[in-house]
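Residue numbers (UniProt numbering), protein chains in the order written: chain V, 1 to 228; chain C, 1 to 228.
I should point out that these hints are in silico values taken from the structure, not numbers from a laboratory.
Accuracy of the hints is not assured; some may be wrong.
If several chains are the same, the list does not tell them apart, and a pair holds so long as it fits within one copy or across any two.
As the list claims (entries may be wrong) - With a straight-line cut-off of 27 Å between C-alpha atoms, the simulated DSS-like cross-links for lysine-lysine are:
id : residue 1 : residue 2
1  : LYS17     : LYS58
2  : LYS153    : LYS221
3  : LYS101    : LYS17
4  : LYS221    : LYS156
5  : LYS101    : LYS133
6  : LYS58     : LYS133
7  : LYS58     : LYS153
2 protein chains.
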Amino acid sequence: MSDLLQRLCRRLDYQFKNPALLTQALTHRSFGAQNNERLEFLGDGLINFVIGAELYDKQIRAEEGALSRLRASLVREETMALIGRELELGEVLHLGESELKSGGYRRDSILADALEAVIGAVFLDTGFDAARKVTLHVYAAFLSNLPDHETLKDAKTRLQEVLQAQSRALPVYEVLSESGPPHKREFVVRCSLSDAVETTQSAGPSRRIAQQRAAAMMLEKLSENAHA
Amino acid sequence: MSDLLQRLCRRLDYQFKNPALLTQALTHRSFGAQNNERLEFLGDGLINFVIGAELYDKQIRAEEGALSRLRASLVREETMALIGRELELGEVLHLGESELKSGGYRRDSILADALEAVIGAVFLDTGFDAARKVTLHVYAAFLSNLPDHETLKDAKTRLQEVLQAQSRALPVYEVLSESGPPHKREFVVRCSLSDAVETTQSAGPSRRIAQQRAAAMMLEKLSENAHA
Numbered sequence: 001m002s003d004l005l006q007r008l009c010r011r012l013d014y015q016f017k018n019p020a021l022l023t024q025a026l027t028h029r030s031f032g033a034q035n036n037e038r039l040e041f042l043g044d045g046l047i048n049f050v051i052g053a054e055l056y057d058k059q060i061r062a063e064e065g066a067l068s069r070l071r072a073s074l075v076r077e078e079t080m081a082l083i084g085r086e087l088e089l090g091e092v093l094h095l096g097e098s099e100l101k102s103g104g105y106r107r108d109s110i111l112a113d114a115l116e117a118v119i120g121a122v123f124l125d126t127g128f129d130a131a132r133k134v135t136l137h138v139y140a141a142f143l144s145n146l147p148d149h150e151t152l153k154d155a156k157t158r159l160q161e162v163l164q165a166q167s168r169a170l171p172v173y174e175v176l177s178e179s180g181p182p183h184k185r186e187f188v189v190r191c192s193l194s195d196a197v198e199t200t201q202s203a204g205p206s207r208r209i210a211q212q213r214a215a216a217m218m219l220e221k222l223s224e225n226a227h228a
Numbered sequence: 001m002s003d004l005l006q007r008l009c010r011r012l013d014y015q016f017k018n019p020a021l022l023t024q025a026l027t028h029r030s031f032g033a034q035n036n037e038r039l040e041f042l043g044d045g046l047i048n049f050v051i052g053a054e055l056y057d058k059q060i061r062a063e064e065g066a067l068s069r070l071r072a073s074l075v076r077e078e079t080m081a082l083i084g085r086e087l088e089l090g091e092v093l094h095l096g097e098s099e100l101k102s103g104g105y106r107r108d109s110i111l112a113d114a115l116e117a118v119i120g121a122v123f124l125d126t127g128f129d130a131a132r133k134v135t136l137h138v139y140a141a142f143l144s145n146l147p148d149h150e151t152l153k154d155a156k157t158r159l160q161e162v163l164q165a166q167s168r169a170l171p172v173y174e175v176l177s178e179s180g181p182p183h184k185r186e187f188v189v190r191c192s193l194s195d196a197v198e199t200t201q202s203a204g205p206s207r208r209i210a211q212q213r214a215a216a217m218m219l220e221k222l223s224e225n226a227h228a
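Construct all of the structure, not just a fragment, from the sequences and the given hints.
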């Protein structure tokens, strides 16, 4: 095993019995047929379950919705890519020529997939308990510093809750325009309150995203007014 | 423990050390605060991982996409509700008054959630290995009779693959109309092939669903033509 791989194993706090599994976990599909896609599938499910079970255990008062939002924030690509970067997975990835040239070793999706595959490889190498231990080890910083699950709610949900708490009517979202070619649509959405003159307006590549942005702007407006 | 609960445990091939966990798993939120929602969160992740790992193990030639589709078909609400019905979970559920009256014990979502919660309860009661064993036990019939993963592909994907295999151009989807109030939109979509006169047309509550339906109709048309 190379020095770089040995360093990775120290960072994972895990020694592979079968190092070929680790090599496969670090092989992107652009490199060849013996790649990490199936291991990624395995690791994805494992991380999802282990992180969920840990949150269940630690957040004894959190309801199901809060647990789901917390888990989603921890298992999303962005978070996994951060962990992949800390482990310096980019330096030990096997990438095909074109991915190498285009800087694939820096890409979030490739780093996140490799992290999942490495965890899947640990599971195959030794079993569930070892894979759980490695998962909790690489996630330690995130698990000890969880975000407030309220802030993880999407803007439309938060806006609705804020208005309901004040016994006000629900916001109305209207699509003002829809334009652009099929693969690059742009939606412009207006959010308005029936009991106030405030409106906000935002654009996005889908109706849903444009609505969320308009809701976020309305939330800000409401909080500015409250503090004015 | 009641006779009905004992029968359930025999069907699960599992005896609870702490029967209170089973009772909680069978308690719907309409019944009270001590309900099965958190256990459901736990069991959902466990089933997802265990079924995925089993497919990984058994389907050694399946690619990641095929594994994902197979898993999705096994962990969807409909399948879980079938298993819940075989276990006769409906007879041992604790439901609130209104759910009882409206026949909640027959509803897919409530049965599927209860199955997830029961598996979550086994995990808390004894640990991962026991919960895995119970999961594979209740899923045995489905796992020994897996659908062909090709048929699980959505219609747009299959249509694209059929056309690519014949070196033909990709289908074009157009929204012909969009109508109805916000909570009950209807989209009419046309699917056409640039190299043929055939078009199909379908409606649905979202653009995506209308497209899938139009693609399914086009697939049927192509297969009729091929057999004509």
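Unsatisfied constraints (hint numbers, rising): Hints 3 and 5 not satisfied by this model.
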